[in-house]
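The sequence shown lines up with residues 1 to 117 when you count with full-length UniProt numbering.
Derived by calculation from the structure, the hints in this document are not laboratory data.
C-beta atoms are modelled at their ideal positions from N, C-alpha and C, and glycine is treated no differently.
Derived CB-CB ranges, DEER-like: (1) GLU15 / ALA38: 46 to 54 Å; (2) LEU17 / LEU111: 34 to 42 Å; (3) LEU117 / GLU21: 38 to 46 Å; (4) GLY74 / THR13: 30 to 38 Å; (5) GLY83 / ALA108: 17 to 25 Å.
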Amino acid sequence: MTVAPAGPGFSTTVEALRPREWQLGPGQPTLVMEQFSAEDFHLIVDDRADVHVSSKDGRFYLGWFPLGRPGTDGEGWKIAVTGTAQVRGYHLSFDTETPADIVAATVASVLETSRRL
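All chains should be modelled from the sequences, with the hints used to inform the complete structure.
What follows is the structure in structure tokens.
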């Protein structure tokens with residue numbers, strides 16, 4: 001069944017308005033970590049059990065903070081890519097409850113854009 005709008009706007013169906021189930025909770029962080037090889041990345045687990053991954057050239061960083069990154073409000077994941085003299089770098093953050101599947105997909109996308117020089 002389609003509901004016709006009274007004027008300018010959009011139309012939808014009753015089915016489209018039904019509640020949906022969304023993936024929630026942190027999931028399995030191994031989905032993120034298993035994307036890194038010892039050949040290309042350094043992995044460090046610190047005394048808080050936070051995990052730090054960096055590329056051997058030092059331009060890529062991923063931090064996983066299961067209890068939240070110190071000094072932040074619940075930041076659980078931090079991804080950073082250092083820029084060059086010509087182009088600025090960037091960083092992304094996710095909170096501790098972001099599903100690991102979403103972080104893993106983001107990391108995969110970032111890694112796909114890298115190439116050896």
